[in-house]
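Given the structure of chain A, go ahead and fit chains B and C onto it with the hints provided.
Residue numbers (the working numbering), protein chains in the order written: chain A, 12 to 214; chain B, 12 to 214; chain C, 273 to 551.
There's no promise every hint is true.
Claimed, not checked - Derived DEER-like restraints, expressed as beta-carbon distance ranges:
{"#": "1", "chain 1": "C", "residue 1": "Arg-405", "chain 2": "A", "residue 2": "Lys-171", "range": "21 to 27 angstroms"}
{"#": "2", "chain 1": "C", "residue 1": "Gln-404", "chain 2": "B", "residue 2": "Gly-178", "range": "26 to 32 angstroms"}
{"#": "3", "chain 1": "A", "residue 1": "Met-204", "chain 2": "C", "residue 2": "Asn-324", "range": "19 to 25 angstroms"}
What the hints assert, rightly or not - List of simulated lysine-lysine pairs, DSSO-like, C-alpha gap at most 30 angstroms:
{"#": "4", "chain 1": "C", "residue 1": "Lys-447", "chain 2": "A", "residue 2": "Lys-171"}
{"#": "5", "chain 1": "A", "residue 1": "Lys-165", "chain 2": "C", "residue 2": "Lys-447"}
{"#": "6", "chain 1": "C", "residue 1": "Lys-447", "chain 2": "B", "residue 2": "Lys-174"}
{"#": "7", "chain 1": "C", "residue 1": "Lys-447", "chain 2": "A", "residue 2": "Lys-174"}
{"#": "8", "chain 1": "B", "residue 1": "Lys-138", "chain 2": "C", "residue 2": "Lys-510"}
As the list claims (entries may be wrong) - What the simulated footprint calls covered on chain A by chain B, stretch by stretch (three residues with Cβ under 8 angstroms from a Cβ of chain B suffice, anywhere in the stretch; the number is not a length):
{"#": "9", "segment": "42–53"}
{"#": "10", "segment": "109–116"}
{"#": "11", "segment": "153–165"}
Please keep in mind that the hints were generated in silico from the structure rather than gathered at the bench. None of these values were measured; they are calculated from a predicted model. Just so you know, even glycine gets a beta-carbon here, dropped at the ideal spot from N, CA and C.
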Amino acid sequence: MVDIDDSKQPIEAKPTRAAATASIEEDHTSLEDVSKHIEVLLHASEAPLTAHALRKHLSLSTKELKQALEVLERRLETGVLNLHETASGYRLQISDDYSGLIQQVFPQRQERLSQALLETLSVIAYKQPVTRSDIEQVRGVTLSSNILRQLFDKGWIIEKGFKETLGRPALLHTTAQFLDAFGLSHLDELPPMPDLETIRTLS
Amino acid sequence: MVDIDDSKQPIEAKPTRAAATASIEEDHTSLEDVSKHIEVLLHASEAPLTAHALRKHLSLSTKELKQALEVLERRLETGVLNLHETASGYRLQISDDYSGLIQQVFPQRQERLSQALLETLSVIAYKQPVTRSDIEQVRGVTLSSNILRQLFDKGWIIEKGFKETLGRPALLHTTAQFLDAFGLSHLDELPPMPDLETIRTLS
Amino acid sequence: MDTSNTTALRIYQTPVQHLPDDLYVPPQAFAIWLEQFAGPLDFLLYLVKKNNVDLTQMPILPITEQYLAYISELDTEHFELAGDYLLMASTLIAIKTELLLPTPDTPTDERDPKAELIERLEEYAQIKAASQRLDNLIRLERDVFLAMVSMPSQDVMNAELPNYSPTLLIDSLFKMQLQPDYQMHTIKTDIVPLSDRIASISRQLSTDGARSFYELLDKAQGKIGVVVSFVAVLELIKRQLVGVVYTEPNNDASTLMKYDTDPSDINNQSQELTLQWLA
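Isolated chain A (complex conformation) (with noise of 0.2 angstroms):
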């Protein structure tokens, strides 16, 4: 079925580009094609892709790429989907239009997060990398596995390294995941923390 195996040559792009105004008929009608497969490879895939990604399973070039993205859109526009940039790569997802509608009619999806989870969760993200108890010293609680075992399950975080004192604990990390949760593309996107002025006089 999709014959674009060809590691440099994917689609007939470059050729018709210099030929006659028939062939660009011809090109479009590829680019449409070449969206189309993106789309599928969005919807298939379990985790957002990144150009790279798609580039290299559709071989294409950065520039194909991105006029196909742009085709894409363009079609998704009559729909209720949006293709979204995140940290870690394209994905689609419902046009936020219709969050209302999709809160009201299925509850159960929208997910509430606790105020334990979120503070664990910030110290890691803020504080990185970060040792279980350093997040027990920040909250001034012990840390229950639940809260720790939510996290890694979203994939929200990771242990990654140790920290070289005694029992060389594990630091955690925040991951891509986390960012694209939170609509964030880079940590430097964090909301500020906020100063300590601010803070002391706490009206």
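Leaving out everything else, chains B and C in the frame of chain A:
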């Protein structure tokens, strides 16, 4: 004064039908909107949605639903998805034409069953009928919509009946297809259940 | 100090004017109330806020007394809830004692415990505020939703679909139950995953009651499989799910003799070591 029976009248369909041609445009627009709402719900729902559920959630008459589904099908023709009617309701699925592409790019997608998916399936298989929150209780983590969706897609689970508690959550059961996939002819043939209570208290 | 100067604070929907002097909080309600806080620092922060004072000017004595008054309301039934709170109480008592003692003229190396506490409170308050900002971000699966679609029809995709073994199900249940709390160390992925062996051995033993170690081995896994299986058995014994029973050797004497001096007789010996499912 126009006498509109508003008990059955969510969108301005019936009156306009008999009115001037200008209103037909309006009728068309709202049908387009309804078709988008249907599209949103089908994208957001874990389980396939029956005609009855769609009519209830969007307050539609049978006729309006039929028309809106036709509009939706026409719109989908420009993309890669199909509206698919199964025994348990409507769902959106990637057109069969692209199965080759998907298998070529994600060969492992069909074979690999994630641990989270297997755990969820096991809880349903052994403790059926269960609600979504029963599963969360046993597993100790929130259940991702995506996992349920995959189980519904494989046809391994169905919703049947409700638990008579707050919110009347739907009850989940395994299906004959589940038995087929695991080479069982009857639920009795499931491997005997380990005594979870004992394991839990000991570990 | 001025306890009537409270900010608008509420316990559930009821506005509370005077705390803690005039409010009797029954122990049961108190336990529920404690659950409203994310921990002792959160609670302490609330007390400071209620007294409407600058954190750096925190009047440690009255705050300490308020805190201790609340903690003393806890009845013994709810101690499990209160471990972290009691730890904080002891910190506060230590600070209070220090403040009541005359200040020695000789400077000490030790840090001022009050300053330390205030620092911790500040840091906590900062993180708490940051977590609220994090919660205000547009979040996937709360404010925006991924589009879910189904794969192309089963018959088309299923062509190469493998059959699944029902033991996958039971193994996953075992894994779920046997999974210890997340240990803080990274695990190298082995060719023979320990968790798989634990699950599989548990299944075999719980089904069959008892088996020899040798019988539990998966021959395809080779030497490393033997080692991992052994560790798996040790782990199960540690968790008291599996016990060891010594059975009379019923091999004929010549076999025993023959392997007596052979270093490879470990296998043979372990055949007499029967492992039994205890759960």
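Hint-by-hint comparison with the structure:
At roughly 25 angstroms, the beta-carbon separation of Arg-405(C) and Lys-171(A) lies within the given 21 to 27 angstroms, and the hint holds. Checking the proposed 26 to 32 angstroms range against Gln-404(C) and Gly-178(B) shows it holds: the Cβ atoms sit about 28 angstroms from each other. Distance hint check: the CB atoms of Met-204(A) and Asn-324(C) are about 23 angstroms apart, consistent with the given range 19 to 25 angstroms. For the hint linking Lys-447(C) to Lys-171(A), the alpha-carbon distance of about 23 angstroms falls within 30 angstroms, and the restraint holds.
Between Lys-165(A) and Lys-447(C) the alpha-carbon distance is near 18 angstroms, which keeps this suggested pair within the 30 angstroms criterion. For the given pair, Lys-447(C) sits about 29 angstroms from Lys-174(B) by alpha-carbon distance, which is consistent with the 30 angstroms threshold. With a C-alpha separation of about 29 angstroms, the suggested pairing of Lys-447(C) with Lys-174(A) holds against the 30 angstroms cut-off. Our distance criterion of 30 angstroms between C-alpha atoms is met by Lys-138(B) and Lys-510(C), whose separation comes to about 29 angstroms.
Restraint check on the segment 42–53 of chain A versus chain B: 5 residues with Cβ-Cβ distances below 8 angstroms, three needed, restraint holds. Only residues whose C-beta sits within less than 8 angstroms of a C-beta in chain B count toward coverage, and the segment 109–116 of chain A has 4 of them, enough to reach three; the restraint holds. With 4 residues carrying a beta carbon less than 8 angstroms from a beta carbon of chain B, the segment 153–165 of chain A meets the three-residue requirement, and the given coverage holds.
No hint from the list above goes unmet by this structure.
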